[in-house]
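Asks: Throw the hints in and build the complete structure from the sequences for me.
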Amino acid sequence: MTNILSAFDGKAAAERLQAFVSDNPDIERIELLFPTINGIFRGKWLPPKDIAKLAKCELRLPISIYALDTWGHDVDATGLGIVDGDPDGIGIPILDSLARIPWTKHPAAQILMTMVTVDGEPCRYDPRQILAGVLSRFDKLGLTPVVATELEFFFTKPIGAGAGAPEPPFQSLSGNLCNLDVMAAYDDVLHDIRQYCETQGVAAEVVLAEAGNGQFELNFKHVADALLAADQAIVFKRIVIGTAQKHGLDATFMAKPYGDDMGSGMHVHVSLLDKDGGNIYSSENGVGLQLQQAIGGVLATMRPLQAIFAPNLNSYRRFQPNLFAPVRAVWGLDHRGVAVRVPQSAGPNARLEHRICGADVNPYLAIAAILGGMQTGLENRISPGPPLEAGNVAAGTRLHHDWKSAVDEFAGSAAAAEIFGDDFRKVYTALRHSEIETLSKQVSDVEYRTYLRSI
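Following the numbering used here, the numbering of the sequence shown begins with 337 at its first residue and continues without gaps.
Some clues are possibly wrong.
Claimed, not checked - Mimicking SDA-like on lysine to any residue, the simulated pairs with C-alpha atoms at most 20 Å apart in a straight line are:
1. Lys740 - Ala766
2. Lys380 - Thr440
3. Lys380 - His409
4. Lys557 - Val482
5. Lys385 - Arg365
6. Lys385 - Glu351
7. Lys476 - Lys385
8. Lys389 - Val357
9. Lys392 - Glu457
10. Lys476 - Gln626
11. Lys582 - Ile495
12. Lys573 - Leu369
13. Lys441 - Thr535
14. Lys573 - Glu541
15. Lys762 - Gly417
16. Lys582 - His527
17. Lys582 - Arg365
18. Lys441 - Asp524
19. Lys493 - Asp528
20. Lys740 - Thr406
21. Lys582 - Pro502
22. Lys777 - Leu649
23. Lys347 - Asp432
24. Lys611 - Ala560
25. Lys392 - Thr406
26. Lys582 - Val663
27. Lys493 - Lys573
28. Lys740 - Val663
29. Lys389 - Leu431
Claimed, not checked - Restraint-style ranges between C-beta atoms, simulated for each label pair:
30. Ala350 - Thr535: 19 to 27 Å
31. Gly584 - Ala539: 21 to 29 Å
32. Ile430 - Gly584: 25 to 33 Å
33. Trp381 - Leu477: 38 to 46 Å
34. Gly500 - Asn339: 44 to 52 Å
35. Ile791 - Val454: 30 to 38 Å
36. Ala560 - Ser358: 29 to 37 Å
37. Ala388 - Ser619: 46 to 54 Å
38. Thr440 - Arg789: 45 to 53 Å
39. Ser358 - Asp670: 37 to 45 Å
40. Gly500 - Arg396: 35 to 43 Å
Just so you know, these hints were derived from the structure itself, not from any lab. Since the model is a prediction, treat every value here as computed from it, not as a measurement. Each residue gets a CB set at the ideal place from its N, CA and C atoms; glycine is no exception.
Replies: Printed below as a string of structure tokens:
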């Protein structure tokens, strides 16, 4: 295994970092972004005058930041935090991600960070390192994944400190889906989102109004760099929220912010290139055998890995029939009601589209899980069975509809241990179980309204 610290070119990094600071003399801070297991950024603000610390790998944070719960608390059951002395890891900058932050009041920049141990080995709990490990297996096979994501989100009225139920910015217009009048109503904020994506190197393409009130989707370019695809997806969430707040709005990537409206998902398109740059899924006669086998592996691992694709309590409210959130592990040809869709594309554009993830997913972990499933299918030549036929609603394995059962299956999953490593599987399980326990103790407003005076 390559020692990341030894391989890091500090001299070249110092030149790039210092050049950025020189070109942006007004910058008052550089925000160091560590994407954690929950998909929440943790980190520090660094004064530009101290930029050399990044190149010298002198920036340290506790390894336990990756396993903080959603509220920012240590979870003793993970074995990380004060229970193990809370040791530090070393932050390594992702140099290509360094960019200005256009929406802040004071001039600022940001850079994505990854973490290694003090010995220079990958941190076992860093989602970016997890994905990098999966990609190294494809590299040994002479294969390169090509990945593109599609992310849905809702604009809302400003969310107060109490964080009650969100409200759409405007009363619903008739027929939101692909409605140009709806898009025009949000023209200013959408314009800035596109501009800020360009500023931060996020390869955004098509934007469209989705079916929900205030809901939109943005599609990203296909890139032969799965780490970059995940970087762009998680940075995009930050762009949307920051830009919305600049415009007096807010935004959410909750999977199901409204019980009676559409949910938000993250769809992932994947193909595989061989050493010569050819798409191994390419076929001029229907769905090729290798694409079928990849689909077979993705379907076989979908239920065991569902706790990755649907990581939170709210995630499971999205899985409802006839709302474009698949409820069974089944595939189909150009069918948007299935878990794995094969778009109408032959030859070099052949690919699969994974449609299970909520918008609340961690992009690094989701892409790692999908690629791990594909590798399982290719190596074991797993057949996906026939594609879904219209009206056959009982086809395929039923997916989990509650959080705890999904986490419990993940905890004992051989596929999870193989793809993510046993240490990560145990930490992820402990983190999810802790949040399940915390939320299960909360009494909701609807329970009070239903039961307090009636029984």
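Asks: Next, verify each hint and record whether it holds.
Replies: Now for the hints, and whether the structure bears them out:
no.: 1; hint: Lys740 - Ala766; verdict: 12 Å, holds
no.: 2; hint: Lys380 - Thr440; verdict: 16 Å, holds
no.: 3; hint: Lys380 - His409; verdict: 17 Å, holds
no.: 4; hint: Lys557 - Val482; verdict: 10 Å, holds
no.: 5; hint: Lys385 - Arg365; verdict: 9 Å, holds
no.: 6; hint: Lys385 - Glu351; verdict: 14 Å, holds
no.: 7; hint: Lys476 - Lys385; verdict: 41 Å, violated
no.: 8; hint: Lys389 - Val357; verdict: 13 Å, holds
no.: 9; hint: Lys392 - Glu457; verdict: 16 Å, holds
no.: 10; hint: Lys476 - Gln626; verdict: 18 Å, holds
no.: 11; hint: Lys582 - Ile495; verdict: 13 Å, holds
no.: 12; hint: Lys573 - Leu369; verdict: 13 Å, holds
no.: 13; hint: Lys441 - Thr535; verdict: 16 Å, holds
no.: 14; hint: Lys573 - Glu541; verdict: 15 Å, holds
no.: 15; hint: Lys762 - Gly417; verdict: 15 Å, holds
no.: 16; hint: Lys582 - His527; verdict: 13 Å, holds
no.: 17; hint: Lys582 - Arg365; verdict: 19 Å, holds
no.: 18; hint: Lys441 - Asp524; verdict: 18 Å, holds
no.: 19; hint: Lys493 - Asp528; verdict: 18 Å, holds
no.: 20; hint: Lys740 - Thr406; verdict: 17 Å, holds
no.: 21; hint: Lys582 - Pro502; verdict: 18 Å, holds
no.: 22; hint: Lys777 - Leu649; verdict: 13 Å, holds
no.: 23; hint: Lys347 - Asp432; verdict: 15 Å, holds
no.: 24; hint: Lys611 - Ala560; verdict: 12 Å, holds
no.: 25; hint: Lys392 - Thr406; verdict: 31 Å, violated
no.: 26; hint: Lys582 - Val663; verdict: 37 Å, violated
no.: 27; hint: Lys493 - Lys573; verdict: 17 Å, holds
no.: 28; hint: Lys740 - Val663; verdict: 16 Å, holds
no.: 29; hint: Lys389 - Leu431; verdict: 13 Å, holds
no.: 30; hint: Ala350 - Thr535: 19 to 27 Å; verdict: 24 Å, holds
no.: 31; hint: Gly584 - Ala539: 21 to 29 Å; verdict: 28 Å, holds
no.: 32; hint: Ile430 - Gly584: 25 to 33 Å; verdict: 32 Å, holds
no.: 33; hint: Trp381 - Leu477: 38 to 46 Å; verdict: 41 Å, holds
no.: 34; hint: Gly500 - Asn339: 44 to 52 Å; verdict: 49 Å, holds
no.: 35; hint: Ile791 - Val454: 30 to 38 Å; verdict: 58 Å, violated
no.: 36; hint: Ala560 - Ser358: 29 to 37 Å; verdict: 32 Å, holds
no.: 37; hint: Ala388 - Ser619: 46 to 54 Å; verdict: 52 Å, holds
no.: 38; hint: Thr440 - Arg789: 45 to 53 Å; verdict: 48 Å, holds
no.: 39; hint: Ser358 - Asp670: 37 to 45 Å; verdict: 51 Å, violated
no.: 40; hint: Gly500 - Arg396: 35 to 43 Å; verdict: 38 Å, holds
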